[in-house]
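**Student:** Those protein sequences? They're chains U and V, same order as listed.
Reading the first sequence from the start, the letters are residues 1 to 386 in the working numbering.
Reading the second sequence from the start, the letters are residues 1001 to 1261 in the working numbering.
Any given hint could turn out to be false.
Unchecked claim - Covered by chain U, according to a simulated footprint, are these stretches of chain V (three or more residues, beta-carbon under 8 Å): (1) 1061-1071; (2) 1080-1086; (3) 1102-1115.
Unchecked claim - Okay, derived cross-link-like pairs now, SDA-like style, lysine to any residue, Cα gap no bigger than 25 Å in a straight line: (4) V:K1031 x U:H233; (5) V:K1009 x U:V227; (6) U:K208 x U:W179; (7) V:K1031 x U:A230; (8) V:K1019 x U:R229; (9) V:K1019 x U:T240; (10) U:K11 x V:R1113; (11) U:K18 x U:I210; (12) V:K1192 x U:G223; (13) V:K1019 x U:E246; (14) V:K1192 x U:H233; (15) U:K180 x V:R1085; (16) U:K18 x V:P1086; (17) V:K1246 x V:N1109.
To be verified - Under 7 Å between C-beta atoms, here's a sample of chain V residues computed to sit facing chain U: (18) E1044; (19) V1047; (20) L1056; (21) P1076; (22) V1077.
By construction, these hints were calculated from the structure, which means they are not laboratory data.
Beta carbons are placed, not taken as given, at the ideal position from N, Cα and C, and that holds for glycine.
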Amino acid sequence: MSMPAVELEAKTQRKQAKPIEGVKKVFMTGNESVAWAALAAGAEIMYGYPITPQNEIMHYWTRLAPRYGKQFLQTEDEISAGFTTCGGVLAGKRAFTATAGPGNILMQESMSMAEMLRLPTVVIVQQRGGPSTATVIYSQQETTLTCFGGNGEGLRIVYSSSSHQDLFDYTIKAFNTAWKYRFPTFVLGDGYQAKMRESLHIYDPAAKGIKMEKTVPFVGQEGMPGVDRAPAHLRNTFNTEEELLEVITGYVAEYQKIAPEIIEYEVIETADAEIVLVAHGIVARAAWAAVRALRNKGVRAGFFRPITLRPFPAEQLRKAARTAKKLLVAESAQGQLLKLVQEALYGETVPIATYLMPGQGITAEELSDYVMELRSNKTNREGGSR
Amino acid sequence: MTVVPNMPKAWRIETKPHKFCPGCGHGLVLKALGEAIDELGVQERVVFGCDIGCSLLSWDFFNADTVQTHHGRTTPVMTGIKRARPDRICIAYMGDGGGYAIGAQHLVNAATRNEKITVILANNCNYAMTGGQMAPTTLPEMKTETTPYGRDVEETGYPTQGPEMVAAITGETAYSARGTVANLRQLKNYLKKALQNQIEERGFSFVEALSACPTNWSTNAKDTWHFLEETMPKYFKIGEVKVPVKEAKESNTSQGNHTKQ
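Hey, can you work out the whole structure from these sequences and the hints?
**Tutor:** Spelled out as C-alpha cells, the structure:
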C-alpha cells in the first residue's frame, strides 16, 4: 500500500506511456503482432497457458507488458486461463488470453460462462491440427469449436484473420466489439499466421481515429452494497425452464439485432462470375490469388470471404451466390466452413464444389488448377468435390 | 410485531430465509463468515464467488458483489479478479467436490502460487446437490449413492486431507485451517485469520469447515450431530495446520501441527 513517491510516479508513467506512437511499418510474426495489438488496445492483463502455436503471444507480452505497467499470469491449464480471464473482465479490465487446439477445447467451459454472464472476454485462437493433439502446425479445424463450442447457442463473435495486418487490426477491434456488445469475442488465426513473418503496419488506435470502448467493472464498484447501491449478484444458473428461456430469448434477440453492425466480409468480382471461391482465414488469401490468376486467363472467377464467421454474412453470401453459376468452398478442414455456407444458402440452388484439406495448407496454384479441372469436367453435376 | 432475527450485517436480509435444506451446515458457515466480515469491517471490499453444488445457493446471500461460477472454477475466477483488482477481498466458496476433485488443480496451483485470495470449503462427505454421491471426503465404509455398500478404500482410497495438503504446498505466509460448524466461535476465528491474511496481503488462506448434510446422510438431528461431532473429526482433525511465519513466531506454534484453540 505505501509505495515510495518515486516508484509510484515511475509506475504511473509506465501506465501512461503509449506502446506505439503513430503508425509504424514492421516485419514480424503474427504472434508478435497480436501482443503489440493488445498493448496498443490498452489490454491490461493477459492470462495464459503454453500451447503451440500461440506461445509467442505470451512471450512477447511478458517482455513488453511490464514496460507499460501491464500484467501477466501463467495459469495451471487452459480451464484456469479462461476462467481467470473471466475474472479480469469481471474486475473491469481489458483482459485476454490465447490458445489453440486442445487448449481451445478446455476454454469452451469458461467461454460458455462468458456467454451466459455476457462477459466481454477476448480470446486469440491460433489453430493447429485436430482432432486430438494432431499437429502443432496449422489447420482450420477449430472453426466449429470457436463459433459454437460450449453447451449453448454460440452467442459469440468470431473474426477470422487472414494476414498479420488482420491479426493486429482485429485484435484491437475484438476488445472494442467485446466491450461494446458484451459477447465473448474471438480472433481466429492459425499456425501459419502465428509463426510466419510478414510486413504490416502497427499503430496507436488513436492515430487511426479508433476510440477504445470504455470498460466498466461488473463487481467491485465503489459504495457499500445494499446501502449505497445494489450488490452485483451474477449467476449462470436458473431454477425453471421459463426463467432460462426468457434470458436466452433476450440474448438471441439482442445478438440478431446487433449482427448487421458486426458482420464483415470481402467480396470481389462476383457480379459476372461463373465460379465464386468461398474461403476464410489464410485460405482466403490463396483463393484471392487464384481468382486473380484465373481472371488473367480469362476465367470469370469471383471471391467471397466471410471475415466474421459468427455472426455469418449470410445475406451477403446469398447475394453473391445468386448470380454465380457455381461456388467453390475451400478450407483446411473437412467442411466446417462448408456447413456455415450451406446453412446460409439453404433454399438456393447454386451447386457447391468443395476443396477440403483437413489440417493441410492450400495454395493459389492448387485452387486455380482445380477450377480449371472443374471447368473441363462438365458432366460433374454435383459440382465436384475434393 | 415482527421480530427480525439477529443476522450478520453483511447478510442480505431480502434473500432470507436462505435456500439451503433444514439442518444444512452451509448457513452456519456463511453466518460465521458474515460475522467475520462484519468484525473486520471489509464488507465494502468483498467480492464473493460461489461454486456449483449446494454452495451455489449462496449467490444472493450477502450484501456483497457475488459471482456464481462453474464446478471447481471459483478459485480461478477469484484469482483473476484479485490479480486485476488487488484492493478487493476475494473469497472463493465451494464444497469438497469442487475443491478436492473437479477443481483440485486450481486449489493446488492457487495455493502453490500463494495467491492472495481466501478459499472456504464446506466438507460434508458427499456430493449433495446431485443427490449424495461419493466425494473425495467420503469416509471409509460410508454409504453413498455411488458406494451403496460403503466406500471401499482399496478401490477408491482415503478421504482427502485438504488443509494438510494446502499447508504442504503453499507459501510460508499462507494460512490453512480446519474448523467445524459444531464450533462456530472457533470457525469464525479461523475465517477472520484467513481474511486477515488476505487483508494484510500476506498470501493464500484456506479454511475447510466440517459441515452437516442430514438430507443425504439420512440422519435425524441427534445422528447428524453425532456424525459431525464424533465421526468426522476422527478422519479430519480440527485445528490450524499452517499459520503465517510471522504470526507463528509470535504465538510460538510450530507449523504442520494441529493446534487446537
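**Student:** Would you mind marking each hint as holding or not holding in the structure?
**Tutor:** Now the hints, each set against the structure:
1. 1061-1071: It holds, with 9 qualifying residues against the three required.
2. 1080-1086: Holds: 6 residues of the segment 1080-1086 of chain V have a Cβ under 8 Å from chain U.
3. 1102-1115: Three-residue rule met by the segment 1102-1115 of chain V, so holds; n is 4.
4. V:K1031 x U:H233: Distance ~18 Å between K1031 of chain V and H233 of chain U Cα, so the pair holds.
5. V:K1009 x U:V227: Holds - the C-alpha atoms of V227 of chain U and K1009 of chain V are around 11 Å apart, at most 25 Å.
6. U:K208 x U:W179: holds, 19 Å
7. V:K1031 x U:A230: holds, 21 Å
8. V:K1019 x U:R229: Distance ~23 Å between K1019 of chain V and R229 of chain U Cα, so the pair holds.
9. V:K1019 x U:T240: Distance of about 15 Å is within 25 Å: holds.
10. U:K11 x V:R1113: holds, 24 Å
11. U:K18 x U:I210: holds, 15 Å
12. V:K1192 x U:G223: holds, 22 Å
13. V:K1019 x U:E246: Cα-Cα ~23 Å, so holds.
14. V:K1192 x U:H233: holds, 23 Å
15. U:K180 x V:R1085: holds, 22 Å
16. U:K18 x V:P1086: Holds - the C-alpha atoms of P1086 of chain V and K18 of chain U are around 24 Å apart, at most 25 Å.
17. V:K1246 x V:N1109: Holds - the C-alpha atoms of N1109 of chain V and K1246 of chain V are around 23 Å apart, at most 25 Å.
18. E1044: Status holds, d = 5 Å.
19. V1047: holds, 5 Å
20. L1056: holds, 6 Å
21. P1076: holds, 4 Å
22. V1077: holds, 5 Å
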